[in-house]
Amino acid sequence: MSTQFLPRIAAGDASAVAACLDEYGGTIWGLAERYLRGFGDDLEDAVQEVFVEVWRHAGRFDPNQGSEAAFIATIAHRRLIDRQRRAQTRRAVHFEDDGILESRAQTGNTAELNDDVRKASEAFQKLDADEKQVLWFALYHGLSHERIAKTVNIPLGTVKTRLRRGLMRLRELLNADFAPTKARPRVEGAAR
Amino acid sequence: MNTAPGTSTAMANRLAELLADQATAPLTPTELSELDTLLHMHPQLQDSSGRPIDAESIAALTGSLIAGWSSAKTAAMPGDVRARLLNRGLDVARENAREASRHRTISISQPPPTANQVSDRVVRTGGSRPFSWPLLLTAAAACAALCTSVFMLVSSQRSQAEAVMARQQLETQQQESTDRLAAADGRISTFSATLEAQRQDANARLALAAEQFAALDQSNTELSAILQGERSTAAKAVAQATADLASADSEIESLQTRLAVSERKLTAAEDRISLLQQNPDNVQIAWTATDIPEAKGVTGDVVWNARLQQGYLRFKGLSANDPGKEQYQAWIFDEGRDPKFPVDAGVFDITLASKDEATGDLIIPIDPKLLIKNPAAFAVTLETPGGVVVTDKKRVVVLAPVAPPTR
Chain A
171 MSTQFLPRIA
181 AGDASAVAAC
191 LDEYGGTIWG
201 LAERYLRGFG
211 DDLEDAVQEV
221 FVEVWRHAGR
231 FDPNQGSEAA
241 FIATIAHRRL
251 IDRQRRAQTR
261 RAVHFEDDGI
271 LESRAQTGNT
281 AELNDDVRKA
291 SEAFQKLDAD
301 EKQVLWFALY
311 HGLSHERIAK
321 TVNIPLGTVK
331 TRLRRGLMRL
341 RELLNADFAP
351 TKARPRVEGA
361 AR
Chain B
101 MNTAPGTSTA
111 MANRLAELLA
121 DQATAPLTPT
131 ELSELDTLLH
141 MHPQLQDSSG
151 RPIDAESIAA
161 LTGSLIAGWS
171 SAKTAAMPGD
181 VRARLLNRGL
191 DVARENAREA
201 SRHRTISISQ
211 PPPTANQVSD
221 RVVRTGGSRP
231 FSWPLLLTAA
241 AACAALCTSV
251 FMLVSSQRSQ
261 AEAVMARQQL
271 ETQQQESTDR
281 LAAADGRIST
291 FSATLEAQRQ
301 DANARLALAA
311 EQFAALDQSN
321 TELSAILQGE
331 RSTAAKAVAQ
341 ATADLASADS
351 EIESLQTRLA
361 VSERKLTAAE
371 DRISLLQQNP
381 DNVQIAWTAT
391 DIPEAKGVTG
401 DVVWNARLQQ
411 GYLRFKGLSA
421 NDPGKEQYQA
431 WIFDEGRDPK
441 FPVDAGVFDI
451 TLASKDEATG
461 DLIIPIDPKL
471 LIKNPAAFAV
481 TLETPGGVVV
491 TDKKRVVVLA
501 PVAPPTR
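Each protein sequence line maps, in turn, to chains A and B. Position in the first sequence (first residue = 1) + 170 = our numbering. Position in the second sequence (first residue = 1) + 100 = our numbering.
Simulated from the structure, these hints should not be mistaken for laboratory data. It is possible that some hints are incorrect.
As the list claims (entries may be wrong) - Here are the in silico distance ranges between beta carbons for each label pair: (1) B/S201 <-> A/E203: 19 to 25 Å; (2) B/D136 <-> A/P177: 50 to 56 Å; (3) B/E199 <-> A/N323: 48 to 54 Å; (4) A/E203 <-> B/S148: 48 to 54 Å; (5) A/N323 <-> B/A302: 43 to 49 Å; (6) B/R202 <-> A/A188: 48 to 54 Å; (7) A/A189 <-> B/S201: 51 to 57 Å; (8) A/P177 <-> B/A110: 39 to 45 Å; (9) B/L270 <-> A/N323: 25 to 31 Å; (10) B/S289 <-> A/E203: 25 to 31 Å; (11) B/S201 <-> A/E342: 43 to 49 Å.
Note that CB positions come from ideal geometry on N, CA and C, so glycine has one too.
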């Protein structure tokens with residue numbers, strides 16, 4: 171994943187579009203399947219919305235701020251959650267921990283990942299089980315805080331507390347390698 | 101967590117919380133407004149290591165997690181979807197290319213500054229201007245105004261901070277209320293589920309009872325039908341038995357009647373024979389039939405013993421009478437009495453059963469109501485049922501005049 175497609179797409183390089191789709195298409199399609207499961211939403215429409223926003227805002231990608239994969243995943247997370255909120259109904263879906271509480275890494279072959287992605291995945295495994303659980307439901311399955319509270323059967327306030335504490339602890343674990351010191355451009359929709 | 105001078109720790113914590121919340125789920129409009137206010141007041145929030153805490157750094161962190169997990173759980177995008185997405189991407193790339201070209205054109209077409217403009221910049225920066233007291237006074241006044249403004253701004257920020265704190269407390273209370281409400285909802289849901297289970301159980305038992313009742317009702321109906329049939333059969337049997345009994349009674353009565361008649365016939369015939377054999381002073385006269393239709397072909401005789409005041413009428417060929425309409429009545433004309441008023445000698449009926457089966461004779465005992473001294477004649481008339489006291493002699497059937505005694 172060392173190759174970066176977004177700067178080329180921002181410059182109008184049409185050949186990078188197909189390469190970008192090949193690189194991230196399956197990832198975003200799988201993410202959309204998980205996030206929109208039970209909502210009856212149109213997966214193709216959702217995935218197209220994600221990629222069009224990625225391509226249009228490709229010029230805002232800053233390699234110093236994070237990896238291209240993280241940039242695309244962040245946009246996908248926000249767009250898919252927005253679509254969840256717009257969906258009118260949701261069928262009952264049963265969510266599992268998917269083995270997240272096991273000690274082994276959930277990222278497959280970590281050697282192929284970007285350094286920040288790999289480090290984040292490894293740091294995640296060092297969190298407490300309850301922190302990992304709520305982060306997993308929020309980011310992997312795209313569940314709302316209320317939905318997590320019902321699924322895990324804990325109060326909503328506890329969900330928020332665990333999410334905040336988990337993210338802050340992740341920052342601390344990645345402190346040496348993660349945060350750049352210079353000012354960063356804002357990601358679209360990050361702080362409204 | 102490090103904060104800028106004048107920033108409360110609580111507000112900084114709240115800002116960090118909202119940024120973390122935003123990274124995992126959409127914020128409510130209220131939270132977004134609060135986040136904007138806090139970002140405006142604390143644009144440079146840092147953690148304990150001096151690293152900036154902002155939406156971008158947290159988003160990059162969550163994005164890395166999502167990207168890492170998702171890379172291990174990819175799904176095959178359908179080929180036709182990929183083709184349509186590719187076309188859309190090519191359109192976007194072309195738009196990007198046009199946009200990039202336009203930016204380059206604007207940059208290239210920007211004219212270089214003129215000498216006057218450069219001079220003006222220099223003037224505004226004050227690089228080569230001579231010292232001026234009026235300018236200094238003006239600057240001092242401006243500084244004073246600026247200090248006042250800064251003081252007011254700080255005061256305003258503190259008020260705003262207090263308002264944010266108050267809102268934060270309200271948010272916390274609201275959150276606690278929401279949690280309690282959720283817990284109450286959970287209990288209500290459990291109670292509702294219990295009630296629903298009880299209701300279903302009651303319905304099931306009700307259905308079972310209804311089914312058993314229906315089965316009983318059906319059995320009852322079948323038993324009623326069977327009972328009705330048995331009752332009908334029994335009623336028919338009883339009716340038949342009653343009819344048979346009535347028939348038997350009738351037959352018995354008929355037999356008894358016939359027996360009585362036979363006995364009477366036998367007795368009367370025996371008595372007559374005995375009277376004839378043992379008493380030579382009997383009078384025996386043959387009947388003479390009259391010309392009325394009932395007398396046609398009638399024969400027989402009358403035997404009378406004056407000493408014994410006993411006698412018998414014997415008929416052959418006398419028609420049977422209907423007792424409801426008329427009866428035969430015997431009369432004795434006594435010489436010592438008025439011939440207009442013969443002595444009643446009894447009422448009798450002639451039926452088929454009263455005849456002697458062997459001879460066809462019919463024997464009737466004479467039953468005189470008065471003492472007969474010297475009978476002149478015997479007669480039989482047809483009269484109204486029960487007989488009459490005085491006959492009008494209009495329907496005389498047979499006569500038997502007694503011949504005067506030879507001297």
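(request) Identify every previously stated hint that the structure contradicts and give their numbers, smallest first. (result) 1, 2, 4, 5, 6 and 7
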